[in-house]
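There are 2 protein chains.
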Amino acid sequence: MFLTNLMPVQEAHDIIKSTLKTVGTENIVLEDAHMRVLAEDIRSNLNSPPFERSAMDGYAIKAEDTFGFSEANPAKFKIIDTIGAGQLSNKIVKTGQAVKISTGAPIPEGANAVVMEEYTNSDSELLEVETSVTPRENVSPMGEDFKKDDLVLRSGRLLKPQDLAIIASSGFNTVEVYKKPKVGIITTGTELVMPKPLLKGAEVINSNHYTFKAVVEASLAVPSLVHCIDSEKIVKDQFESMLDSHDVLITTGGTAISKGDVVVDVTEKLGEVLIHGVALRPGKPFGFGTVDDKPVFMLSGYPVAAMVQSDVFLRNSLYQMQGIEYQPQYVIKTTSKKIASNLGRTDYIRAKTDGSMVRPLKIKGSGIIRSMVESDSYILIEENLEGINEGTKCNVILYDSLTV
Amino acid sequence: MFLTNLMPVQEAHDIIKSTLKTVGTENIVLEDAHMRVLAEDIRSNLNSPPFERSAMDGYAIKAEDTFGFSEANPAKFKIIDTIGAGQLSNKIVKTGQAVKISTGAPIPEGANAVVMEEYTNSDSELLEVETSVTPRENVSPMGEDFKKDDLVLRSGRLLKPQDLAIIASSGFNTVEVYKKPKVGIITTGTELVMPKPLLKGAEVINSNHYTFKAVVEASLAVPSLVHCIDSEKIVKDQFESMLDSHDVLITTGGTAISKGDVVVDVTEKLGEVLIHGVALRPGKPFGFGTVDDKPVFMLSGYPVAAMVQSDVFLRNSLYQMQGIEYQPQYVIKTTSKKIASNLGRTDYIRAKTDGSMVRPLKIKGSGIIRSMVESDSYILIEENLEGINEGTKCNVILYDSLTV
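Heads up: the sequence lines are chains L and X, in that order.
Going by this note's numbering, 118 is the number at position 105 of the first sequence; the sequence numbering is gapless.
Going by this note's numbering, 337 is the number at position 324 of the second sequence; the sequence numbering is gapless.
Isolated chain L, as found in the complex (with noise of 0.2 angstroms):
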């Protein structure tokens, strides 16, 4: 099956969304879990604070006690004991008693108040209150932060720091997280070697080998690379190989519409092509099937649309894969110049942004990387869009918004 038409992107986006399944979850320690995504709830097992404790350092008392007393008429105290952080007094605080109290320890028994130190003076045993002070005045109370049973992170959450810390309050020392999804990447192309100095005859750098590794990385996912000669038989082994151990697969090259190209006939035998030629550019030979429910990204061997292939159906689809919810983020411009299109098709445009202005870069071609290196952006122009005047509103993907 090789479509002859090409396919809307959106068309595209809802087929392989609809393949696309999570791939399973794991108990991890919590100290490996940030850039996770959570895949549970979290109810806290705990009060935080997991007790009444004092705010400032001061002196725990009775607040009725220093009621009209002030700097001219100081409250008497005798100090019965001092706690720190950490410690608990086993003292009760009665009628004229007071502890000193460090910031964060818990309040003894008997008293509801902290008066600060800058409010008393104290001489060894005996203490002068100048203030009134309020019943639970300085005085945190449990559960104030959370309280045991609450809902403190939703599944679906991806862990950053403060993230891990309420996980961490709320008694739990492991979580369960979407597993990363193995992503097995197999470059295509007889030309293609590794980076050395001198090249011979036809050789061609395999810049996407690099690519795809760090476009997989950046997804938070988890790559695996080989390389194949434009054989379908290597390639067809390859594929066995890698499915048997990864989640999904990706290729570069032998996508080519206008014929059966390698990888595209490789995926026809061993599963179904569903997409093969989308209304893209570039990356209009962009294929994508499945084999054994496990989803093939068919990219294009030419670097610039292989990138921009992956930052429109791939880079959310490993996303979703591990529970993250995401929606590219898009900005809006000024275009600091007119910009062709044709309508029914989508355009991805390298840009570079100035503030509020955006400027589509001059470069042209799907195999120019530095074009990729100098922008920051995409300037999209829809289907709908027959390109877009000098001066006007442009929707802007910034490439720092491709990642989590």
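Simulated from the structure, these hints should not be mistaken for lab results.
Note that the Cβ used here is the ideal one computed from N, Cα and C, for glycine as well.
If a hint is listed, it holds; no wrong ones were tucked in.
Part of the chain X face toward chain L, derived, beta carbon under 7 angstroms:
1) L43
2) N58
3) G99
4) Q175
5) A178
6) G184
7) N186
Some chain L residues flagged as far from chain X (calculated, every beta-carbon gap over 12 angstroms):
8) L19
9) M20
10) P21
11) Q23
12) E24
13) T35
14) A52
15) F82
16) S83
17) T108
18) G109
19) S258
20) T303
21) K350
22) E399
23) G400
Taking lysine-lysine and the DSS-like style, the derived pairs with C-alpha atoms no more than 27 angstroms apart in a straight line are:
24) K213/X <-> K75/L
25) K193/X <-> K193/L
26) K246/X <-> K113/L
27) K107/X <-> K213/L
28) K160/X <-> K213/L
29) K113/L <-> K213/X
30) K365/X <-> K160/L
31) K107/L <-> K213/X
32) K173/L <-> K193/X
33) K365/L <-> K173/X
34) K160/X <-> K209/L
35) K161/X <-> K365/L
36) K160/L <-> K209/X
37) K213/L <-> K104/X
38) K161/X <-> K209/L
39) K297/X <-> K34/X
40) K209/X <-> K161/L
Assemble chain X onto chain L, guided by the hints.
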């Protein structure tokens, strides 16, 4: 030396910045270079593409042979060879001859244009061309992307996928990058325990252990972690042991300003305390010093205060140490509520954005972790402002913009 006046935030920034050094460079394989920082200019070893190549599937010919011909009167050629990508033709194309050629293959000697397959008819050895092509049509020049000795990337670049592609295509399989700072994290506090479902007495969970491992990871540096009780001897021993093998120390806890506190005392004894107490809320009890010329960031024990201190002072320092030029990015939003502040103090208000609006969170207290989890940004109130009125514009730092 304990500073009695709170230091303005900008002054603290300047002091820290002036003490920091980059941590040296190392040569690594290009495959591992994603999100590393380039420590050399890259000049290409090669032309890219390395030869004149065909931009289309078609036939390499002499353009002159088609001049004046058309569909009604096609030009006739003899097909003398067929080459795919990766193949060189050893034939020289003469008048009336054609070489069948794939996209990306080198243009054979003698030919100066490629006619697209769709404008031709062929019958084994015979080719008809139904159009007139111009010299260089469908020929991508050698070095069209970049030329040998071109400067393709500058030192200091944080390497993204497309950067690896251009380094590879320039002929390099290794690259000189800045080392990642090795960061020793010492959490202090006798009351702190690792997460467990039930706490005893005055125990509190050490959430900073998780937060700062993740903050250091998010800053592209390498964390190692230990915990110490509030003992000057133990903290001092740990400082000395970690300083041997790390580039930076971070501590949490033991930074109280009203008195000498454990961590600050230790830094003072082993090196120099340069900052102790900043006009920042939350996060006043921030300390910074150097020991053996290595920076020591002394953060609060309270989770939120420590996070703010690290967002203000630590992350950017770790970037600077590995050669990343980082400036926090502000966005302008309209506040939905009046916010009070004091002249002379910089406030970082946890807030939640919603389109062009931003809502400061009600939750106060430097221990309230939930406020960091429920917010997505800080409203920044600089020291020269006495608060912000409802409905006015303010500077907002999105948490997402804290990472590069």
